[in-house]
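Chains A and B supply the protein sequences, listed in that same order.
Going by my numbering, 83 is the number at position 77 of the first sequence; the sequence numbering is gapless.
Going by my numbering, 179 is the number at position 41 of the second sequence; the sequence numbering is gapless.
Honestly, I wouldn't trust all of these hints.
Think about it this way: if two alpha-carbon atoms lie no more than 25 Å apart in a straight line, the pair counts; the simulated SDA-like pairs of lysine to any residue are [to be verified]:
no.: 1; chain 1: A; residue 1: Lys227; chain 2: B; residue 2: Arg213
no.: 2; chain 1: B; residue 1: Lys218; chain 2: B; residue 2: Pro255
no.: 3; chain 1: B; residue 1: Lys204; chain 2: A; residue 2: Leu435
Stretch by stretch, here's where chain A covers chain B in the computed footprint (C-beta under 8 Å, at least three residues) [what the hints assert, rightly or not]:
no.: 4; stretch: 186-192
no.: 5; stretch: 207-220
no.: 6; stretch: 246-254
no.: 7; stretch: 257-266
no.: 8; stretch: 279-290
Sample of chain B residues lacking proximity to chain A, with all beta carbon distances greater than 12 Å (derived) [said to hold, decoys possible]:
no.: 9; residue: Arg145
no.: 10; residue: Gly195
no.: 11; residue: Leu243
Hints were generated in silico from the structure; no laboratory data involved.
We put the CB at the ideal spot given by N, CA and C, even for glycine.
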Amino acid sequence: MDLFHNLAIGFATAAQPTNLLYAFFGCLLGTLIGVLPGLGPLATIAMLLPITYALQPDAALIMLAGIYYGAQYGGSTTAIVVNLPGESSSVVTTIDGYQMAKQGRAGVALATAAIGSFFAGCVATLALAALAGPLTATALLFGPKEFFALMILGLILASVLSSGPFIEGIGMVVLGMLLSLVGTDLNSGSQRFAFGIPQLFDGLDFVPLAMGIFGFAEIVKNLEQDDKLSLVTQKITNLFPTRDDFRRMVPAMLRGTALGTLLGVLPGGGAVLSSFASYTLEKKLSRHPEQFGKGAIEGVAGPESANNAGAQTSFIPLLTLGVPSNVVMALMVGAMNIHNIHPGPEVMTKNPTLFWGLIVSMWVGNLMLLILNLPLVGLWVKLLTIPYRYLFPAIMVFCSIGVYSINSGTFEVYEAAVFCVFGYVLIKLQLPAAPLLLGLVLGPAIEENFRRAMVLSRGDVTVLLTSPLSASLLAAAAIAILLIMLPTIRARREEALQE
Amino acid sequence: MKGLAIRNHRAFASGALFLAFAVFFFVTALQYPAGIAAKMGPGYFPRLLAIVLAAIGLVIILGAIKSTADRQTLRTWDLKGLAWIAGSVILFGALLFPLGLVGALFVLVMVSSRASPEFTWTGALTNAAVLIVLCLAVFVYGLGLPLPVWPSLLN
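Chain B with its partners taken away, still in its complex shape (with noise of 0.2 Å):
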């Protein structure tokens, strides 16, 4: 079965992303009414974008696995840095309410300086004092964007 072996990881990975993709909004927009050409349905763009991109992703998959291509695997993932950062940025948008602006961006500090190998508590302590304090003074004092500074319980 040499012909039928994964040969570039990368691509075959890429080509199923897309597929997925397209059978998503392929089967989505099946509710949407599609028209006809002359005068098209909510549904009809979509559909034809999602064969397109279906198309696209089994040319990649093919080419993947085709025995001229090139061997490629996929890259380590560092799944603990992202659940950091992504989870800092979600912990913001959660926090933002109820801690106010100086709770939460302290939180959001704090939790993405973990992602770095070097990190130090006395350093993100620092950091988040300064970035706290700059912040402030431009976002909310500086330029008076509507941001909740406190809590909302002592408002």
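Looking at chain A on its own, in the form it has when it is part of the complex (with noise of 0.2 Å):
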């Protein structure tokens, strides 16, 4: 079995001491980070991510993705005990979790989330192993105008899943596109947008703008609001599901889990839409939807199922076709780039090792995880305790040194500050950065096989919907924005028809 056989590769590397090591390392330190309210995986990578730059590109990777692991589980637990999700994917873990943990059952809610993230780490680790093979060998079918569509799919669902109306959404995607023009024009060699400033040839670096945007705009935000913590002070003591939790448990982390598995590979998917999809649906599936918001531990399996799956998952679309489905995922190019490995087709045949050592270390992640977490937890809501005004300043200080890390220059570092400037522009109109980020990020592919498929085609624009491939994909981003607009023709002709 080719299943079998990859797998023990990828053991083969993840078992390393070293491995092993850097894995838990990942693990400790992203929840640790992740725990913190207001810190997200997007801002704990992006934070952690100079530590990773002396590493081998095997043991470097193994630790970010502990460290992503480690950052989502960080949030589930500050959603469940201060009811503050540490990130988008636990805003439906707070609706119930923080009722369970008013009602003295904290400890209860966070294994239920262990329990279910672990069990639905595994089941993810063998969808990716097992899909991996038969999606790249389709990437390698894929033409320019095929990779052209796909992204296009990509970034239009990824708007259409964003907060605040989806065309500012695709607004901020195109504002994104725009700013990933800036540097060397691949084709003809020349400078696009860089006036002149030999550090902005290479074009604007994902790390600077992530950081400006996610780290220290997001610090002035919260800087604004000064609502206290409401913490459960309650001291956590039993951890064990009864009989009866688990009969309610194990349905629902398995419909989280499968749900979580599918919407990841999604292009534009991910943990956000995993978790949201997994709420409703149980929710409806209930024999007791009154019970939901108050406590439902159904609404606690399911969502943090679903996330963890959904987040191991969008590394397939990343890995197998080299297009990164969310903004965790496009930090990750980033963060590889900076490895001088660049996720593609090619990775998996090119470096196997690598390539299923990842794979395995996932679920070790997971399992470290769930080793970690639940006699530890008592620690994590510990650190919950230190105030901000402690608390940013050391963001602060590890950003700087991160984005100087980056090319050893200051340039990013005053790069970071100009981002952070806008990105609270951006917070101020509710514009989502997010889109922003991934047009930064897929801007220059989407250009490269936009050109070349026009090159091939002669400049006819047609080619992309009468090739079946590129069509459908197409066609697939017209119904999402068809069915994003639905409501609000609704509305609007509800509106009418009432004057």
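Two chains, two separate frames, one set of hints: put the complex together.
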């Protein structure tokens, strides 16, 4: 069996003591930072990126994946204990998780999240391993127009799923793509939008941009709102779910895992979409929908399994097609590029130990998180009591050093400061930043593939619609737009009828 | 003039922001040769995107002044907090080489701490000391990142 052979290669890499150690450190640090309110996976990864610079590529990737899960997991803890989602995929966990905590069942809620995440992680790892081969083979069939269509689909879905009006999300995508044009045009070698600044010849760096917007600007926002955290102060004692809890959470976990695994693969999807979808599903299927919002264990088990599965399978499009499906994956591209790995179909064939090692270490990371979190949950909760006025300068320090270390240059530091101001403008205008970053990352590839497709078709745009594969991808994008417009159209018609 | 009043100030400002970026990119892109669809020059794709962005900006602006638009005002801005935070980052960049990591981090922590309404001198000084020691231990001695630790005058 190919699958087992590949997993064996992966285990040989992942089980090396040093790699185990890095996976462990990644999970530990990720949880440590991710548990802090207001710091999601994106900011956590961006902050911890410099730690991986000195490592070997496989160790660095394994550690980054660990950081990602750790941060994801830390967000759930914050959601349950302080009713504050560490990141958007934990938003739904706050609904029932915090209610459980208030009823003195914080331990059970945390255990449910941990068990659900671990189970989902196991399934998603297998799905990733099983799908990687066939999808990579499909990727090899893709030409420029198919890649172009796929990326357009991803960007449309990402803006459909972002908060706020759809058109503003699309605007942010296009703006991100325009920003991605800064630098050297690969085809002609001429400088665009660089204004003679040599540091801009390679384009705008993703990391200072992400840190400026998601790190620094977020701090300014947090400082404005001085609401106190409503920490659940009871000691967390009983971690074990009762027999009845088990009966209710297991089916929710199974459904959540299935849903998350599927939705994670979708371009534009990932943890956020998965957790929301799972919560809706559980509420619909439940015989006691009235218990939701009042501490229903299904409302924790389902979404927590789903977001972990989605977080993991969102690696699939990145590793097989080279297309990041969400912002965290986009940051992963940045991190991989630093180590001179360019994600795409070639990684699996050229560098199988790295590829399979990474996949297996994801499972190892999930196991570590289970062990790390259940006994140590008291420690994480204690971290939440550090006042923000000590916390945010620490974030500033880590981000600043991280930005400087990208190229050992201060230009990136100034870039981050500029994007801090820009990010603050976005917060005030309630414009979503995630589509901007995705546009920035996918922009160059979209332009390149579009240009190539047009060269091949001699400037005939209809070729995008006459090729079956690209046509169906674009059709899916069009359907997504229609679906999001429908409620608006309906609302408008009702409005018109009323007048 | 009921119809032309800006009802949704937030959306109006967002649309104007998109429009401004679109104009900037379009005008700048006019310097680059556009070529034709079959053989695009460096200016083709930027112009295309700028036109799309301008259209999006216009749609948002029109939506904001339409008589059925939601009424929404702009939120208040905390420019002082922004100045402390962004300023501390710029100072860090400017001071890293003349003052070294220790000095630049000290300034970064002290200046950014001022952004907090609960700022105290003792708290900020303690925090700076702890963070400097931590960073030296982790980044300089632990990970061996090439960072200038002491002021350049001493080297």
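Outcome of the hint check:
Taking the CA atoms of Lys227 of chain A and Arg213 of chain B, the gap is about 12 Å. The hint holds against a cut of 25 Å. At roughly 11 Å between alpha-carbon atoms, Lys218 of chain B and Pro255 of chain B fall within 25 Å of each other, so this suggested pair holds. A threshold of 25 Å between alpha carbons decides the hint, and for Lys204 of chain B with Leu435 of chain A the separation of about 19 Å falls inside it, so the pair holds. Only residues whose beta carbon comes within less than 8 Å of a beta carbon in chain A count, and the stretch 186-192 of chain B has 4; three or more means the coverage holds.
A stretch counts as covered by a chain when three or more of its residues have a beta carbon under 8 Å from one of that chain; for the stretch 207-220 of chain B and chain A the count is 6, and the coverage holds. Counting residues of the stretch 246-254 of chain B whose CB falls under 8 Å from any CB of chain A gives 6; the rule of at least 3 is met. Proximity of the stretch 257-266 of chain B to chain A, defined as three or more residues with a beta carbon under 8 Å from a beta carbon of that chain, is established by the 5 residues found. Against chain A, the stretch 279-290 of chain B contributes 5 residues with a C-beta closer than 8 Å to a partner C-beta. That satisfies the three-residue criterion, and the hint holds.
With a least CB separation of 14 Å from chain A, Arg145 of chain B remains clear of the 12 Å interface cut-off, as annotated. Look at Gly195 of chain B: its CB is around 7 Å from the nearest CB on chain A, not clear of 12 Å, so calling it non-interface is violated. Not every CB of chain A lies more than 12 Å from the CB of Leu243 of chain B, the least distance being 6 Å, so the non-interface label is violated.
The structure fails hints 10, 11 (numbered hints given earlier, in ascending order).
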